[in-house]
Amino acid sequence: MAVKPEEFNFAKSDQFHTAMIPGKFARAMRTCKIWQFIRFVIINLKMIIVVSKSH
Amino acid sequence: MARLVVLGGGVAGHTAATFAADWLGKEHEVVVVTPNSKWNWIPSNIWVGVGGMTKEDVTFDLAPVYEKAGITYKQAKAVSLNPEGNGTTDKSFVTIEYTGQGKAGQSEEVTFDYLINATGPKLNFAATPGLGDANGLGEFTVSVCTADHADHAAHELTKIMDKMRKGERQKILIGTGHGMCTCQGAAFEYIFNVEHEIRKAGLRDMADIQWISNESFMGDFGMGGLHMKVGGYVVSSRIFTESLFAERGVNYITGAHVNKVEKGKVTYELLDGTTGEETFDFSMLIPPFAGVGLKAYNKAGEDITDTVFAPNGFMKVDADYTPKPYAEWKASDWPRTYQNPTFKNMFAAGIAFAPPHIISKPMKSPNGTVINPTPPRTGMPSGIMGKAVAHSVCDLIKKGPSAHLHEASMAEMGAACVASAGKGWLDGQAAAMTVYPVVPDFEKYPGTGRDTDYTFGEIGLAGHWIKHILHYLFIYKAKLKPFWKVIPE
Ligand SMILES: Cc1cc2nc3c(=O)[nH]c(=O)nc-3n(C[C@H](O)[C@H](O)[C@H](O)COP(=O)(O)OP(=O)(O)OC[C@H]3O[C@@H](n4cnc5c(N)ncnc54)[C@H](O)[C@@H]3O)c2cc1C
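One line per chain: the protein sequences are Z and H, in this order.
Be aware that the first sequence starts at 1, since it is given in this note's numbering, and climbs by one per residue.
Be aware that the second sequence starts at 1001, since it is given in this note's numbering, and climbs by one per residue.
The hints are simulated quantities; they were obtained by calculation from the structure and are not laboratory data.
What you are looking at is a predicted structure, and each value in this text was computed from that prediction instead of being measured.
No residue lacks a Cβ here, since even glycine has one placed at the ideal position from N, Cα and C.
It is possible that part of the hints are untrue.
In the DSS-like style, the derived pairs of lysine-lysine whose C-alpha atoms are separated by at most 27 Å in a straight line are [said to hold, decoys possible]:
(1) Z/K46 - H/K1485
(2) Z/K12 - H/K1265
(3) H/K1038 - H/K1481
(4) Z/K46 - H/K1444
(5) Z/K53 - H/K1330
(6) H/K1055 - H/K1479
(7) Z/K12 - H/K1200
(8) Z/K53 - H/K1485
(9) H/K1229 - Z/K24
(10) Z/K12 - H/K1171
Quick list of simulated restraints, FRET-style, between CB atoms [said to hold, decoys possible]:
(11) Z/D14 - H/E1168: 50 to 60 Å
(12) Z/F10 - H/K1330: 38 to 48 Å
(13) Z/D14 - H/V1230: 22 to 32 Å
(14) H/P1341 - Z/M29: 50 to 60 Å
(15) Z/A11 - H/P1366: 27 to 37 Å
(16) Z/C32 - H/H1404: 47 to 57 Å
(17) H/E1328 - Z/A2: 33 to 43 Å
(18) Z/C32 - H/V1079: 53 to 63 Å
(19) Z/P22 - H/V1079: 18 to 28 Å
(20) H/A1327 - Z/K12: 36 to 46 Å
(21) Z/C32 - H/P1366: 44 to 54 Å
(22) H/K1159 - Z/K12: 18 to 28 Å
(23) H/G1400 - Z/M29: 39 to 49 Å
Assemble the whole structure, with the sequences as input and the hints as a guide.
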């Protein structure tokens, strides 16, 4: 069976072997325009709160 | 009429000068002394360094902006301070040396009632043999610290990508060029942007990409790392950072003091005392930062640089500089008003102030080599400090010497930081992070030193959109376009 892309790097080094590597779904969501638009709104709100607490 | 002199037209100085000019109006004078003719939005230098933006996209001319704001602009560098005046005058003054405006090389004494030192860092390439010298960057590595450096880096990157296209495998080394560097975030952004561009060009198989850093663990970032809420867990930045590197197949060396750079090779010492070598075809190593080397003299002309500045060249402010062990460090050691303790009419903001100590755990190799990051003072805290200090000076001028000073402690403010991991409106990514507070306060937040309700991080396209929008927003603000004052620092 072919190695899944997210599993390919695990074997490359001891450093990578113990790391958390995102799978296909997590990677797709990172550039999914609709999901990222929702995240854009949420991250902005979170940042505005931190910015306002800091001034 | 009072005169405020601001040294440095970067993030902290430009913020301080523009707000002060607005608040003081025409009754008082604001002077900016800064050696460059252009303002640079430094965070976007990363994109210039991979050819995604041009130098012109990240800079603009300061003169018309200062003219519009009614600020007296001297394109010069400050050389020394005489807070008590000298044998002929009791008035405080700063000696400057022009770098432009047709007066290059000429000196002038500029008197002041109040002074804000916002001269940022000296890029201390000379600290590591081969990384550079007193004149700046050396010939073996590149840098993204200035727009010119980044432009040069992009050209060098193009050359190695051409070699890859011809079938020549290339080794890329990116990180910190000394055991006491700060600004790991910039190197982190650059390595991922380089990886992104190489992957986009279909050349990823032809490049070995290696990270080298003075952090004792991945994700320390000079802040002792941070814990953030991700997917319901409280996670160390180490896990987050190692994941990003493993996902992209980028190997890493941590706890490294690069002690020599040669053509195509660096040598380094690790925290365990062992030494090593790494070869490269292309390398971007961040230099350590120091103060810009201002001198100070008393009325009698005696050198009082040690009174005004810390040994690293940064200006002493209202921090607690008493040497003490790590276990006794407190949030309250950090300055609140940034006023010089000896000369109350002088303040420092941004990178120019001397921190009381580092934030990360101090580390030494068995050979006694100090290998630990120095504290970052990123854009948002630098801007907030600049504004707070400007506010204090304006109140001192308008309300008199007993006016309340405004406070902006890094142990009480948060920072929003967006670290680019690749540019592109549709395929870009960035890690959007907030930390609250920047300097951990273990008395207030005994678990992680920070409030995990306000400390978070995630990577994705949304982060890139924010980073790209901030590029336009901050340049808009710095140009003092309509409503610039409502855009937060
Ligand atoms: C490549 C890179 C990427 C970065 N990315 C981010 C990011 O994404 N987010 C973030 O928050 N921060 C980022 N930072 C950090 C951010 O740029 C700094 O925190 C910020 O610029 C500090 O502001 P400052 O005013 O103290 O110094 P600077 O902005 O460096 O300004 C100092 C000014 O003083 C002038 N000066 C120097 N010597 C003298 C002298 N003798 N007399 C008078 N003037 C002098 C300089 O020319 C300059 O104009 C990045 C830094 C780098 C290098």
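Verification of the supplied hints:
Taking the CA atoms of Z/K46 and H/K1485, the gap is about 21 Å. The hint holds against a cut of 27 Å. Between Z/K12 and H/K1265 the alpha-carbon distance is near 23 Å, which keeps this suggested pair within the 27 Å criterion. Between H/K1038 and H/K1481, the direct Cα distance comes to roughly 17 Å. Compliance with the 27 Å bound is thereby established for this hinted pair. At most 27 Å may separate the alpha-carbon atoms for a hinted pair to count; Z/K46 and H/K1444 meet this at roughly 21 Å.
In summary, the hint linking Z/K53 to H/K1330 is supported, as the alpha carbons are separated by about 21 Å, within the 27 Å threshold. At most 27 Å may separate the alpha-carbon atoms for a hinted pair to count; H/K1055 and H/K1479 meet this at roughly 17 Å. Between Z/K12 and H/K1200 the alpha-carbon distance is near 21 Å, which keeps this suggested pair within the 27 Å criterion. Distance check on the hinted pair: Z/K53 and H/K1485 sit about 18 Å apart at the alpha-carbon level, within 27 Å; holds.
Distance hint between H/K1229 and Z/K24 is fulfilled; the C-alpha atoms sit about 22 Å from each other, no more than 27 Å. Proximity of Z/K12 to H/K1171 is assessed by CA-CA distance (about 16 Å); at most 27 Å being required, the pair is judged to hold. Between Z/D14 and H/E1168 the beta carbons are some 28 Å apart, a value that contradicts the proposed interval 50 to 60 Å. For the pair Z/F10 and H/K1330, the beta carbons lie near 42 Å from each other, so the given range of 38 to 48 Å is met.
For Z/D14 and H/V1230, the hinted distance range of 22 to 32 Å is satisfied, since their beta carbons lie about 24 Å from each other. The beta-carbon spacing between H/P1341 and Z/M29, approximately 51 Å, falls within the hinted interval of 50 to 60 Å. Between Z/A11 and H/P1366 the beta carbons are some 33 Å apart, a value that agrees with the proposed interval 27 to 37 Å. Restraint check, Z/C32 to H/H1404: a C-beta distance of roughly 50 Å satisfies the suggested window 47 to 57 Å.
The beta-carbon spacing between H/E1328 and Z/A2, approximately 56 Å, falls outside the hinted interval of 33 to 43 Å. Look at Z/C32 against H/V1079: about 55 Å separates their beta carbons, and that is inside 53 to 63 Å. At about 52 Å, the beta-carbon gap between Z/P22 and H/V1079 misses the expected band of 18 to 28 Å. Distance hint for H/A1327 and Z/K12: a CB-CB separation of about 39 Å, consistent with the stated range 36 to 46 Å.
A hinted range of 44 to 54 Å holds for the C-beta pair Z/C32 and H/P1366, which are about 49 Å apart. For the pair H/K1159 and Z/K12, the supplied restraint of 18 to 28 Å holds, since their beta-carbon distance comes to about 27 Å. In this structure the hint that H/G1400 and Z/M29 lie 39 to 49 Å apart at CB is violated, the actual value being about 58 Å.
Of the hints listed earlier, those the structure fails to meet are numbers 11, 17, 19 and 23, in rising order.
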